[in-house]
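Q: Those sequence lines, one after another, are chains U and V.
Quick note, the first sequence lines up with residues 1 to 430 if you use our numbering.
Quick note, the second sequence lines up with residues 1 to 319 if you use our numbering.
It is possible that some hints are incorrect.
Calculated lysine-lysine pairs in the DSS-like style (CA-CA distance at most 25 Å, straight line) [said to hold, decoys possible]: (1) U:K239 - U:K286; (2) U:K286 - U:K63; (3) V:K283 - U:K114; (4) U:K341 - U:K286; (5) U:K41 - U:K430; (6) U:K430 - V:K233; (7) U:K318 - V:K283; (8) U:K62 - U:K336; (9) U:K43 - U:K318.
Simulated from the structure, these hints should not be mistaken for lab results.
Source: prediction; values computed, not measured.
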Amino acid sequence: MGKLRPGRIAPMLAAALLAVSVAACGGGSGEPAASGQPAEKIKLTVGLFSDFHFAPLYEEFKKTHPNVEIVERRAQFNDHHKNLTTQLATGAGAADVVAVEAGYIATFTPLADKFYNLGDYGLTNRQADYLDWKWQQGLSPDGKLLGLGTDIGGTAMCYRTDLFKAAGLPTDRDEVSKLWPTWEDYSKVGQQFMAAKVKNAKWFDGPGENFRAMVDQAPVGFYDAQNNLVAGTNPDVKKAWDLSVQMLQADESAKLAAFSPPWNTGLTKGSFATIVCPSWKTGSIKDAAPTTSGKWDVAAVPGGGGGNQGGTHLMAPKQGKHPKEAAALIDLLTSKANQLKLFTDAGALPSIPSLYDDPAITGFTNPFFNNAPTGKIFTDAAKALKPQHVGPKAGDVLTAFGNALQRVEQGKQDPEAAWQQALQDLDRIK
Amino acid sequence: MATRAPDRPAVAPRHRSERFSRQLVHRLDVKASPYAYVTPFLLLFCAFGLFPLVYTAWVSLHEWTLLSDVHEFVGLDNFAFLLGDEYFWNATFNTVSIGLISTVPQLLLAIWLAHLLNRPLRAQTLFRVTLLLPNVTSVVAVVVIFSQLFGRDFGLINWVLSWFGVGAIDWNAGTASSHVAISTMIMWRWTGYNALIFLAAMQAVPRELYEAATIDGASGFTQLRKITIPMIKPTIVFVVITSTIGAMQVVAEPLLFGTYSPTGGPDRQYQTLSLFIYENFAKLDFGYASAISWMMFVFIVIAAGVNYLLTRRSGGNLT
């Protein structure tokens, strides 16, 4: 009759402990590598929130800096930015080079004393390359260069040609673009699509992304130029809200939260026919639903473009011990040649306008999206782009409205109550 | 004598002092070394337990945001706002609800499993290790898999339910349904673990009691009810208290179930207290988050006290 036999358990425990300790060692990548060699060995860490397809560029950097070892750390999007905040506040743990997304850039640029001024390392000479507004976003209020842009989020609309065909809608991308000059038209075509009763398919994934795209197209979004939160009183925000609600009430939503596992499944299974597509999202769709290759195409976004969704800057926190190398790495990762490369590899739309007429981009077609000329589509979107001022807590504001739309979608609240609760949530954002 | 006489006083004190010091060492060894042995724990506890507790209390009395260097003292304002905050009470309700739905069936199931294993079986070790396997699985893996199972459109559970004519349930959207889904994940991870603790206690119950009961014709269930449970009551108290504390601290399951939404669903339908704290820490509102943490600490103390009072009555014998 058995007691638990320690003789058998001990080796298993030992194995488990070993596994844990090995894993723990793997995690400690923050320390600079200590080495006795005369040529100083340096370890640079790069903190990202997804796969930026930087790996080949690191190899390129090592050719000119053989003493530098580069370690990439990735965290989930929100965690990445929250962690960075904590690391800056506590003075430890930040990577040497960090990615900061457009929704958060205004949170970090006022902290000029926490980041290296890249201007001190000669990067101010890159200004001529850049879209002016993208360049400005990376400056501190007193004009120090804290971040250099990687990509921007010129926006289009991706759609499933097979579902459009099944619903009797045109599938050619130019004709599709003509279907929806405005978001109202987009909603109307959605009703047409729903009336065709394509099996298990809705018009779009979820209300949040459409809402965001509509707000991004307005001249003023959640914040005015003085960083006052005006989301509750801005008529453009209310208009986007009302239109989103209207689409929900017409049952056009597949009720899938973007980037959730069910959303991934929905992408693969064709649960929705259209999806708002900032340039970088063409990469996300390809990664999340590789089996749907060739079923997608890309058309213009309703509302005449003009919105920027996302896009990233690279910054160097002052905690890093090797600012010279960090700045050199940022310079390389954002260089003109490499932005071109990242567009073809990862769908990241360059923030360097002279590339927009580069034949390598304008002639670029994406086989995953039915050979759509994504190069031309997204550079056109980028040229039409009217940048909007992004306030410090834009991410939290978007969450409040996104939750409110989901409450309407799930039938938990009527639109008015949901709007009121969203406004109350805004009051809590300090 | 005369020559030795002066020596005596010199020798005796030395002798005495030697004995005295030896006594001192002995007494120190008996009285002080236990403290020396527990000191490492106490030091660690002070650094990682007591100090954060006290410091959190200090922070909770301030308007304290992470990136600003000014921390304004506001007294109990954070607590006053907290008591009027419906999101806080919503999180409290969710925590209690998920705690009950997960803990009660879990412990009943654990006792039953332990009872089944507490008899001669082939391949006992295999069964016992199997019980522990869900517990060594990473919580992330568990939640990701269960989120798929509880999927609305393509989930296995809805698929099975559809055989019985039940329409697709949006597990994530509803309050009750999401609580059931999250409780299932918690039960999956912890039932086997608790069953092993019960099993260890059951093996200390004297065999003769069961033999006598068998001779008297008591069934397996009667033996469980009349012998096993009364005899392992101290263990039950222990497990109930640790499970309750664990249930108060549930955070990873709801966070991951909502795909990293710190609000625990759009309607906060499954935001637990810990998640509510996380939401406010993530907003860098450290003062308010600390106040919530302290309220949660108070809740845990109360819950543990109530548990103790309810379950202490019998001390592990057949009364």
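Q: Is the Cα-Cα distance between U:K430 and V:K233 25 Å or less?
A: violated, 50 Å
Q: Given the hinted pair U:K318 and V:K283, is their Cα-Cα distance within 25 Å?
A: holds, 23 Å
Q: Need the status of pair U:K43, U:K318: alpha-carbon distance at most 25 Å?
A: holds, 15 Å
Q: Is the straight-line distance between the alpha-carbon of U:K341 and that of U:K286 25 Å or less?
A: OK: U:K341 and U:K286 at ~17 Å, within 25 Å.
Q: Just to be careful, I want the Cα atoms of U:K239 and U:K286 compared with a cutoff of 25 Å; is the pair within it?
A: violated, 32 Å
Q: For U:K62 and U:K336, compute the direct alpha-carbon distance and say whether it is at most 25 Å.
A: holds, 18 Å
Q: Between V:K283 and U:K114, is the straight-line Cα distance small enough, at 25 Å or below?
A: Holds: V:K283 and U:K114 sit about 19 Å apart, inside 25 Å.
Q: Checking one constraint from the list: CA of U:K41 to CA of U:K430, max 25 Å. Satisfied?
A: Distance ~44 Å between U:K41 and U:K430 Cα, so the pair is violated.
Q: Sort out whether U:K63 lies within 25 Å of U:K286, counting only the CA atoms.
A: This hinted pair is violated, its Cα atoms lying about 31 Å apart.
Taken one by one, the earlier hints fail for this structure at numbers 1, 2, 5 and 6, listed in ascending order.
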